[in-house]
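**Q** If you're matching them up, the sequences are chains A and B in order.
Going by the working numbering, 23 is the number at position 23 of the first sequence; the sequence numbering is gapless.
Going by the working numbering, 140 is the number at position 4 of the second sequence; the sequence numbering is gapless.
Derived from the structure by calculation, the hints contain no laboratory data.
Among the hints, a few may not be true.
Pairs of lysine-lysine residues, derived as DSSO-like cross-links and limited to a Cα-Cα distance of at most 30 Å, are as follows [what the hints assert, rightly or not]:
(1) A/K102 with B/K239
(2) A/K85 with B/K239
(3) B/K221 with A/K105
(4) A/K103 with B/K221
(5) A/K2 with A/K102
(6) B/K238 with B/K221
(7) A/K2 with B/K239
(8) B/K221 with B/K239
(9) A/K2 with B/K238
(10) B/K238 with A/K103
(11) B/K241 with A/K2
(12) A/K102 with A/K85
(13) B/K221 with B/K138
(14) B/K221 with B/K241
(15) B/K241 with A/K85
(16) B/K138 with A/K102
(17) A/K105 with A/K85
(18) A/K85 with A/K2
(19) A/K103 with A/K85
(20) B/K138 with B/K241
(21) A/K105 with B/K241
The structure presented is a predicted model; accordingly, all values stated were derived computationally and were not measured.
There are 2 protein chains.
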Amino acid sequence: MKQIGTHLVVDAWESPTDLLNDPERIRGALVDAVSAGGATLIDLCVHQFSPHGVTATATLAESHIALHTWPEYGYFAADLFFCGKGNPQEALEFLTNALQAKKAKITELPRGFEPEMTSDVTSRYDIEKEPIPVLQ
Amino acid sequence: MKQIGTHLVVDAWESPTDLLNDPERIRGALVDAVSAGGATLIDLCVHQFSPHGVTATATLAESHIALHTWPEYGYFAADLFFCGKGNPQEALEFLTNALQAKKAKITELPRGFEPEMTSDVTSRYDIEKEPIPVLQ
Chain A
1 MKQIGTHLVV DAWESPTDLL NDPERIRGAL VDAVSAGGAT LIDLCVHQFS PHGVTATATL
61 AESHIALHTW PEYGYFAADL FFCGKGNPQE ALEFLTNALQ AKKAKITELP RGFEPEMTSD
121 VTSRYDIEKE PIPVLQ
Chain B
137 MKQIGTHLVV DAWESPTDLL NDPERIRGAL VDAVSAGGAT LIDLCVHQFS PHGVTATATL
197 AESHIALHTW PEYGYFAADL FFCGKGNPQE ALEFLTNALQ AKKAKITELP RGFEPEMTSD
257 VTSRYDIEKE PIPVLQ
């Protein structure tokens with residue numbers, strides 16, 4: 001696989017309800033998490049839902065961070081996708097601390113693609129062991 | 137697990153270089169993919185990098201779609217996170233067709249959290265079988 005980026009998929013819970021329903025604190029936490037991760041913010045959208053819940057998407061020069069909160073469950077979902085420079089783990093540590101999550105499930109996904117098959121037999125075999133869904 | 141949403145993690149390649157470097161066509165494909173998925177667009181950011189590459193983040197009432205392209209590899213990464221109404225598979229099918237990807241690896245992740253342990257012994261055992269990292 002040619003890895004292009006690293007994606008942290010985060011489900012975190014046992015966070016304070018009021019914190020997860022406060023768009024300004026979430027905005028601040030996200031901006032500071034971007035800095036903590038050494039990333040560059042291009043655009044930020046923070047939206048509060050009625051009666052509760054906040055969604056925030058940060059478009060980065062390095063890819064993105066997305067955050068969705070469900071205050072009624074003390075739960076938030078975060079995605080931190082970084083390519084190139086920056087450290088998504090640092091950004092995540094800042095974010096989970098700022099949002100006071102006591103529990104989290106974190107999955108690290110390498111993102112990228114399978115280069116074309118070559119005449120190299122070993123490479124071809126490796127690819128065949130993990131078939132790739134073909135669209136169209 | 138209490139499932140809150142469904143997240144499609146998509147790595148797709150063998151797309152035309154010029155298409156992946158065209159912010160207006162990507163904007164159009166994303167807006168139409170949101171409609172195809174029956175979702176509601178709150179905000180859209182499309183950014184073109186120099187010398188090539190486009191990032192687009194769509195903030196949805198249902199969560200988000202993020203798209204990052206690397207035209208030099210014919211590769212794009214897409215994330216479609218939907219909660220509540222809407223159909224992320226429909227949105228994805230539209231997007232991969234619009235961007236003419238010939239190959240794709242798609243992973244479907246349920247997003248949500250583990251409810252607190254109860255006095256029920258079976259539930260407790262289930263949770264202990266899959267330990268959850270504890271932060272702080």
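**Q** Next step is simple, just say for each hint if it's right about the structure.
**A** For each hint, the structure was consulted:
{"no.": "1", "hint": "A/K102 with B/K239", "verdict": "violated, 39 Å"}
{"no.": "2", "hint": "A/K85 with B/K239", "verdict": "holds, 27 Å"}
{"no.": "3", "hint": "B/K221 with A/K105", "verdict": "holds, 25 Å"}
{"no.": "4", "hint": "A/K103 with B/K221", "verdict": "holds, 27 Å"}
{"no.": "5", "hint": "A/K2 with A/K102", "verdict": "violated, 35 Å"}
{"no.": "6", "hint": "B/K238 with B/K221", "verdict": "holds, 28 Å"}
{"no.": "7", "hint": "A/K2 with B/K239", "verdict": "holds, 14 Å"}
{"no.": "8", "hint": "B/K221 with B/K239", "verdict": "holds, 28 Å"}
{"no.": "9", "hint": "A/K2 with B/K238", "verdict": "holds, 17 Å"}
{"no.": "10", "hint": "B/K238 with A/K103", "verdict": "violated, 39 Å"}
{"no.": "11", "hint": "B/K241 with A/K2", "verdict": "holds, 13 Å"}
{"no.": "12", "hint": "A/K102 with A/K85", "verdict": "holds, 28 Å"}
{"no.": "13", "hint": "B/K221 with B/K138", "verdict": "holds, 17 Å"}
{"no.": "14", "hint": "B/K221 with B/K241", "verdict": "holds, 24 Å"}
{"no.": "15", "hint": "B/K241 with A/K85", "verdict": "holds, 25 Å"}
{"no.": "16", "hint": "B/K138 with A/K102", "verdict": "holds, 17 Å"}
{"no.": "17", "hint": "A/K105 with A/K85", "verdict": "holds, 24 Å"}
{"no.": "18", "hint": "A/K85 with A/K2", "verdict": "holds, 17 Å"}
{"no.": "19", "hint": "A/K103 with A/K85", "verdict": "holds, 28 Å"}
{"no.": "20", "hint": "B/K138 with B/K241", "verdict": "holds, 26 Å"}
{"no.": "21", "hint": "A/K105 with B/K241", "verdict": "holds, 23 Å"}
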